[in-house]
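Generate the whole structure from the sequences, applying the supplied hints.
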Amino acid sequence: MPQNKTYPQFGLDTFGDVPKDESGTLVSHAEAIRTVIDEAVLADTLGIDSIGVGEHHREDYAISSPETVLAGIATKTNQITLASAVTVLSSDDPVRVYERFATLDALSNGRAQVILGRGSFTESFPLFGYDLKDYETLFEEKVALFSELVKEKPITWQGDKTQSLDGADVYPKTESGSLDVAIGVGGSPESVIRTAKYGFKLVLAIIGGAPARFAPYVDLYKQAVKELGTTEYPVGMHSPGLIADSDEEAIKLAWPAFKKMWDRVGRTRGWPPYTREQFDYEVAHGSLYVGSAETVAKKIAAAMKAVGAERFDMVYGGGEVSIAARRKTIELYGSKVIPMVKELLKSNET
Amino acid sequence: MKPKLGILGAGKLGIVLAQRAVAAGYPVTIASSKPAQSIKLTVSVLAPGATAADSGDVIQQSDVIILALPLSKFRNLDPSLFKNKLVIDAMNYWWEVDGPRDTLIPAHMSSSEAVQAYFKKARVVKALSHMGYHELHDMARPFLKTDRKAIAIAGDNQHNTSEVATIVDDFGFDPLFIGKLAQGKVLEPGQPGFGTALSKNALQHRLENKTQS
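These protein sequence lines map, in sequence, to chains A and B.
Position 256, counted from 1, in the first sequence is what the numbering used here calls 256; the numbers after and before it change by one each time, with no gaps.
Position 131, counted from 1, in the second sequence is what the numbering used here calls 131; the numbers after and before it change by one each time, with no gaps.
Treat the hints as calculated values from the structure; they're not laboratory data.
Keep in mind that a hint or two might mislead.
Derived coverage of chain A by chain B (criterion: at least 3 residues anywhere in the stretch with Cβ under 8 Å from a Cβ of chain B; other residues may be distant) [claimed, not checked]:
{"#": "1", "segment": "185-194"}
{"#": "2", "segment": "208-215"}
{"#": "3", "segment": "221-230"}
Every residue, glycine too, gets a C-beta built ideally from N, C-alpha and C.
Structure representation (structure tokens):
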């Protein structure tokens, strides 16, 4: 992998949720995308390590084409890593994914990172003409093809759900010789082992419950790497949050946004309405990083330690929150939370 | 002596149930649709104490079998192997991966009734299906009887549901009998019991009132 990074690392992730403007009105999709660009510039200025943008094909999220947004960010920033979170490889063309991220890598002087995943939504399947029945096999075969493509050598490939290639070569080549690749995993043990098998980095999407539940997954990744003889990388985790000047303020902003977001998703999945009890549990013991800078910093440090993660990506601005509240989260995360977490992790070591 | 538990399915649900079963002191074997070797490492790290095995062996060796595989796959199992076995159906119909419901389950049936109809000679009980993975992990209170969440149980035979109730209790949850397999429908996605992690009283109240609030 190209980038020699120092750990721990701290990033931000967004799905391009449509935010509210000053008057409380939802902005357009176009405005939501431009908002993310401005936020990424702010994150870059604050020295935050990475910005990850998700791929969705739904009304509530503005970003369906993450690498186009990242390309926009690339030309306006200097140091920040540009990641997808995640690229839904199952319904994409692995050759195209390589080409787009290699292009992004060129635009950004080597700052591209592709995080592959199966995604938690399935809208992309019918949209691009894929059968959901192939959910498992599509991902499996496409990751295998992608792992060959990132070697950046001519490839011969016998495809079943993918194209067959005969000594084909793909361009542009990256300057470092290889793209930075990770797989986002939501808790499927098979996905953890697959990540180890291909020698990609592991990012755990932990969106509910006590983070410590995922500690054994990190052990599984490490043992699988050992057994398979691939390279072990520091493990990342990704969880939602909102930071404000006080705990009360953060909860006041986050509760209605999360409630609305979870209920919207839940309706399509047959979940019951999201309760305040669930929200409070997640804030106190689970995977919502909501509160003042100090509260959130302590929670992140404890979670990273419990899980064994060396990278933390906060999904900011989930649901219908205001642009001002999103910027506040980023400012506090970059200027206060990250330095505090670094201190806490250091003091824990001694 | 605790009965031998076999879990079919080594994904998110199968693994968390294996963890619960080991913690409760049950002898546990677990299988996926692939040979035992492919889940050996996963089981040894994520559910130490449980044993990975081939699905045929798991079925044969177990007194109680928990179905934790995608609903659209249960008909890949050979029903003749399940004769007289107590089967806990923890599966849910999931439109995103299972396809249209009526291609899988006759419209008038609860999914567990369809499972019973397929495994004719087995004793099917619906349980452990309505609570999320992380709640099955975080909310289990195996050694305390206070501050517990409830797991609903539906089955046609009281002897069978009592056996399952003991397992649910050992796993750290309060068992709540809700009626026959047909009533198990209230635990399916989109129904009042689905996705709930509530106290016994609260779950009972919710199911009686069939409210969605």
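Worksheet entry | Broken hints, by number | none
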